[in-house]
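Novice: Protein chains in written order, with the numbering used here: chain A, 9 to 306; chain B, 16 to 386; chain C, 76 to 505.
By construction, these hints were calculated from the structure, which means they are not laboratory data. These numbers were taken from a predicted model, which means no experiment stands behind them. Among these hints, one or two may not hold up.
As the list claims (entries may be wrong) - Using C-beta positions, here's what the derived DEER-type ranges look like:
| id | chain 1 | residue 1 | chain 2 | residue 2 | range |
| --- | --- | --- | --- | --- | --- |
| 1 | A | Lys15 | C | Ile92 | 41 to 47 Å |
| 2 | A | Ala130 | C | Glu454 | 46 to 52 Å |
| 3 | A | Phe216 | B | Val131 | 42 to 48 Å |
| 4 | B | Gly160 | A | Ile98 | 35 to 41 Å |
| 5 | B | Pro261 | A | Cys120 | 54 to 60 Å |
| 6 | A | Cys120 | C | Lys495 | 48 to 54 Å |
| 7 | C | Arg450 | A | Arg83 | 46 to 52 Å |
Here a beta-carbon is modelled for each residue, glycine too, at the ideal position from N, C-alpha and C.
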Amino acid sequence: MLKDINKIRNYRELREAYSFLLPLIVFILAFILLPVAGAIFTSLFKDISFLEKKFIFFENYKYLFKDPGFWQAFRFTMLFLIVSVPLEMIFGLLFAVILNQSIPFRGCLRACVLIPWAIPAAISARTWELIYNYHYGLANFLFMKLGLTNAPINWLGSNLGAFSSLVISDVWKTTPFVAIILLAGLQAIPVELHAQARVDRANFLQRFYKITLPLLKPVLIVALLFRTIDALRIFDLVYVLTMGGPGGVTTSFSMYGYRYFLAGDFGYGSSVSVVLFIIALGLSIFYVRIGKWGKEVI
Amino acid sequence: MKLKLVSLTKKFTSLRGSVRAVDGIDLEIQDNEFFVLLGPSGCGKSTVLNLIAGLEKPTGGEIWFDDRVVACAKKKIFFTPKERNVAFVFQSYALYPHLSVFENIAFPLRIIGEDVTKIKESVKRVGAMLEISNLFSARPCELSGGQRQRVAIARAIVRYPNVFLLDEPLSNLDAQLRVSTRDELKRLQQRLGVTTIYVTHDQVEAMTLGDRIALLKDGRVEQIGTPDQLYECPASEFAAKFIGSPPMNIFEAEVSEEGEEFYIIIGGEKIKMPDDKAEELKRLKGRSCAFGIRPEDIHIPAPILRAWKSKRSQYLKAKIDLIEPMGRERFFHITINEHRFSLLTTDVRFKQGEVVDVEFDLKKLHIFEKK
Amino acid sequence: MKCVRLCQILVFFLIIITLLAGCARKDEKVVTFSVGGAPNELEFWEVLITQFEDQTGIKVDILRQPTDTDQRRQGLVISLKSKKSNPDVFLMDVAWIAQFAASNWLAGLDDYAGEDSIGRGVFFEKVMDLADRYKGALIALPVYIDGGLLYYRKDLLEKYGIKAPPETWKELIEYSLRIQGDIRKTNPDFYGFVWQGAQYEGLVCNFLEFAVSNEGGINFEGDKILLNTPENIEAVKLMNELITKYKISPPSTFTEMKEEEVRAYFELGNALFERNWPYAWSLHQHQDSLVRDKVGIAKLPHFKSGKSVSTLGGWHIGISKYSDVKGLSWEFVKFVTSYNIQKRLAMELGWNPGRVDVYGDRDVLGKLPHFAGLRNVFENAHPRPLLPYYTQISEVLQRYINAVLAGALSPEAALLVAEKEAQKIVERYK
């Protein structure tokens, strides 16, 4: 008899729990899963605005994997990811550690650090465009003034130059985001643990590696996940600074797909989106695994 | 190892002004001594502990370990906690949440690169001593409060520290556990023979554990002594009220001098002072003072004795306002002519509202000069 | 308790009403006009709209878009693909009007044109045939035409004893080297020739002016696209050498130089020759311009064996097939392509009207004397291939030509691969 009552109570609780979750589930379904499903569906069709619509199954994907333009975008985006994300994490961690110490004007500094993140992406991209400008950009002006070079540098004009310029602009903009997240994580570590570690004869580096970093891991994974997904999707910075150039070497995934959508080839554009989605999903699952989410110890 | 604190001062400055948490403390702690720092919250006892550990820098004074200066503000000498070889147990135990119990205890040894077999040996030894060997693979979040405390202590003693510092380690335990752990701690300390400095606000803990106690107030030392000394001869009103439970009765009374004899007037009755007290009153003539008497030193005489002693004794008439039974004893709240006192007795005869005769054991009367 | 209940019901209804209000359909009798451009151009459109509303009483809502041609296209593609009724009328770049027409997004205008008897000869016929007719049906009207021109500093040519602007690329290089060499002594930022070389559509316009003037260009042999021709290779090689060998064009040509960047550079007095569209003229003649009254216009140079080529550009106005106010929209189209308004566009913005008759107007010729020669240029302007998927082919060309300008690929290698990729595109979109 008691067992039944408990069963009913559990069922009621479960129903209540789900009814609270319902708005969120509806939201995710409607605005996230449905569009993804829509994209997958569209990608199976020859959906070109000026041609007849046909179901072609995986033809779009076959074309995609043979297209050198796709692989160029793949190479660039992955390289961009591998270079910029670690840089952001390292600088972000550095800033977070500094901002966690008791230094004068700490509150002011914390606010200042956030400024790059607060500036809208397009505006900061335009500003960097002006900085990298060959003729009257700030970068060339400073470099020539400081005697580092005697001829202006064509920042966006070479493969390495354009890539580095993009990385620098992106790292500048998004490091504050990482720093703030990591700072929150650092502050969650009880101060006494550090004092205890000091007494236990650990020096600063040892404390950092054995206490701070392990306890920071969940937050690190979150920051890593966010930055990875954002780096995969990079568009506005590339669009403003290089338009994918010079010679198409800085074309990102998003830019590549965008061109096809613009030309009316929605089926193919959708297939690019789907591929990007799968890569992002794969990386997310990877991070969750190594971060052992859901199995934290407090 | 001996410790010496010389005029130790710590001043904290913030936007709201500066605060002297520790204000010129002089102490000497003997080798192997279980020394207690006792005081109400905010008296600076934890700060003193942090200064001894090397977690804070003194703004004035010196700290000596044996005959070495480990911290001196003026000469800018400062030894890090590592260099001082101290062990510390925090009130919250500060166990590393991401490490197992074994790793927590092994931490101080691993950090300095001890040999792996030696580490294993040491941790096992300590684990057996504190009876936590069965918990080695558990994480701190899985342990109870008492178990966590043992792990913290194990971590502290797994190496051989010069000083063992504990900051209110029992406050997070429930009352029963506190009592049993207290005894174990004392025994452990005697077995290990390490100089131990123990911080607490609980005077019962201080009295039961300490070889000597330093009573602190507002960053200064009120009194240092053995538990008995502090109990029997409190140096100030504050010390008198702080030590002993239930607390001492402090009261004011008029002093009258008649020739060579001194009297004090309590509740309208004139009580003659014995010679030694008279001497003291003579010394303190002209200055304001307060009197103190412990509840157990106010007696309700038996009727037979009453009759016999009637001429020589000095009784006061008291009304029993409230009786608190405490099992072994009973705690009486009495009023003597509108002055309130409390009284501890094993006598079961009396009831609330009755008027009885009480007698003050004048040998145990304390006189405090008011500052 | 009752009060609380009442309040709850009230709030509930308020929410419902607010939600529904958001879904309410707008007033059906408004024409939504989508247009982009420079700020001064957009402001002028607002002025014109006010005039239209006063004249006809038809309300027009303007949907402002950015300057960039691809961004303007993007906004339209999204609306048209989802078959929305707004915008009703919009401008289209001649480069992608074929895509819109082939996608069946434009309303047929023959009936309207017939009613109002807009006959042949009112607009540039060649342009109309090329851009405004799809499978015989009229789907747009030209608002303004563009063709690439050579701007030059007539004061500098005079100073150095050069009688006429260059006719061949060789002459252009020669003049540039001579004058640049001298002026560099005092002005190290001076360059001989600025043109659009960034990776975007404008690059292909420039390319065609080089290539077609060498009898190359984007050509088809049946179903096969021809890009990898000796003529094209020579043209691309020249484009590269302007930057790397002769250094009369700045290294920023292939990274930053688009229309506005080129114009600004020339306007600061830092260039001898400029390739740009006609719009730059009135801006060069502006009060604050450093080159005011020092600028001349000429046809672009050509290779020795070829003729001068001007790439046809321009914007056309059309009505959405899904518009719910096609009749009213047609009135607006008529208005924009009317003689007076076309004249105003010429006088105030320096635009080259789609109507031919405006080119003979006395006031226009008084203010913009070069219009006399322009008419001829436009009648012979070289169009980009009229394919719905032209922008995709252009994209391939942009990438590879830009790579050559950057020095990353040789012209031969670039055009070889470009042709292969372009062929794949042709086959994909057949």
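Novice: Please flag the earlier hints that this structure goes against, numbers listed from lowest up.
Specialist: Checked against the structure, the hints that fail are numbers 2 and 3, while the rest are satisfied.
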